[in-house]
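Peer 1: Which chain is which? The protein sequence lines are A and L, in order. First residue of the first sequence? That's 1 in the numbering used here, and the numbers climb one at a time after it. First residue of the second sequence? That's 1 in the numbering used here, and the numbers climb one at a time after it.
Don't read these hints as lab results, they were simulated from the structure. On a predicted model such as this, the values are computed, not experimentally measured, just so you know. You can take every hint at face value.
Cβ-Cβ distance ranges computed for the label pairs, FRET-style: (1) A153/A x V116/L: 56 to 64 angstroms; (2) P27/L x F49/A: 58 to 66 angstroms; (3) S95/A x A250/L: 56 to 64 angstroms; (4) W24/L x R180/A: 52 to 60 angstroms; (5) L238/L x G151/A: 57 to 65 angstroms; (6) D160/L x G256/A: 34 to 42 angstroms; (7) G57/A x S99/L: 37 to 45 angstroms; (8) F49/A x W24/L: 58 to 66 angstroms; (9) F49/A x I164/L: 14 to 22 angstroms; (10) S95/A x L105/L: 38 to 46 angstroms; (11) D141/A x L83/L: 40 to 48 angstroms.
Glycine residues also receive a C-beta, built at the ideal position from the N, C-alpha and C atoms.
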Amino acid sequence: MQTALRTSLPETELASRANFAPHTRVVREERPLQASGLPLSIRGLRKSFGDNEVLRGIDLHIPAGQFVAIVGKSGCGKSTLLRLIAGLDKIDAGSIGFGQDIQPEDIRVMFQEPRLLPWARVLANVEVGLGRDRASKDAHDRAEKALIEVGLADKRDQWPSVLSGGQKQRVALGRALVSRPRVLAFDEPLGALDALTRISMQRLLERVWRDQGFTAILVTHDVSEAVALADRVLVIDEGRIAHDVTVNAARPRQRGSAELAALEGSILSHLLSADDRT
Amino acid sequence: MSLIDSVSLPRSFRLPRVDGLIQWIVPLAIIAIWQVASVTGFVPTRVLPAPSDVVLAGWKLLLSGELVRNIWVSFWRASIGFLIGGGIGFAFGLANGLSQLSARLTDTTLQMVRNVPHLALIPLVILWFGIDESAKLFLVALGVFFPIYLNTLHGIRTVDPQLIEMGRIYGMTDGELFRRVIFPGALPSIFVGIRFALGIMWLTLIVAETIAASSGLGYMAMQAREFMLIDVVVLSILIYALLGKLADSASRVLERLTLSWHPAFQKR
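Let the hints inform the model, and build the full structure from the sequences given.
Peer 2: Quick look at the structure:
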């Protein structure tokens, strides 16, 4: 068992300066190398809503295929960062680059709410995720494959209203996956689920990420979820990246292991110390 | 578990046909009591004829063809007026729900017109159209317009903005967004409007036919009053009740067919 867990930055230093150095270390030796993820370069990103400056200059490089978790107090700007990455809101200043031209289908978002169309059956809801390929001949087959991937093939003809909360989120995941995205952004996707469903969903997220190799960006308030899933945890405070923590624990990870618990404790203390300052 | 069992058990014993008949118990009981009261002389037939007399009057009118003709005329007026008024109301509801400009331009005006009781326009309408067909159609269309307009508008405005954002993220065009997200989302509210409108449709038509017409159910009732045919008057009133119920049932069937996704319409 490898025990290398360390923070990549001195804890006292603001990350925005040091973060230009690309994190190119390979942290997942056992994972088959796939070219499907896209790298992200974010420079000087700023965003305000009225007088409230939510993001105050974010500089960040995410290598292709990395699983990054973003944690922080509520209102710290983590969801805003995710919405900007996903192209849902306009950037005030700075840039977000993916290293190449991208198609709308390359980036997908999954929200805390499943956002399924209540008047479309499960399979049709997944087909929505195909974007411009919705009308293509193999739309059905692709949607069905995505449903198999999230383990809901037997629910294809159900209405969303009869599904449980976890099943709805799995349909939403299938919809996000069906276009084979190269960046998948998760905005608290498991926030509304009960503890057991959460854990099985975390396993599912990890599995599809390992299978498909997209770049994953997970916004969460649950630090244990962040360290269980991510290669790297970013702590955001007052619109800046306050800490950039690499998680080197081997996969599959042992939930509740001493290694993850120690890391979780250290990230939590960052969050709490940020809280004390205010 | 045991609670659920005890609740669902009686349901399985009940014959399915009884569920459909249960709603008719009260109307049938009222008719039975009414018949008894008339036959025993408790209610004088000058005040209220016995149900059997009403049926007899209906049978005579049916044989003469007058009943079918009058019902058909009223039904035709109601449908055409409903289609015109409902169509325009739906179009305005869509336009004002989807376009801020359109809403700002017309909503205030429509709200002012809405607050005029449309039946108050009858004298004016008679001056404009005489007692022509167009007078009745105009009044029905006007009455039906507002419930459909208001509920279409409300339905579109209250479509979950998160679903609309989802549709945009997944690259839906404006047309697709309307067809797959906005319209189905507004449909339950539109149906509420349709059911309100059906009630107003009958009300308006009957009042209009009573005041100014030379055919139709309302005309038939007024003629009967002139000749003191109280059984025909009661017959007309009962036919209103049946036609109203029929229209409501039709909209419910339509609702069930198009809203089968809605939890409220799913088989328990």
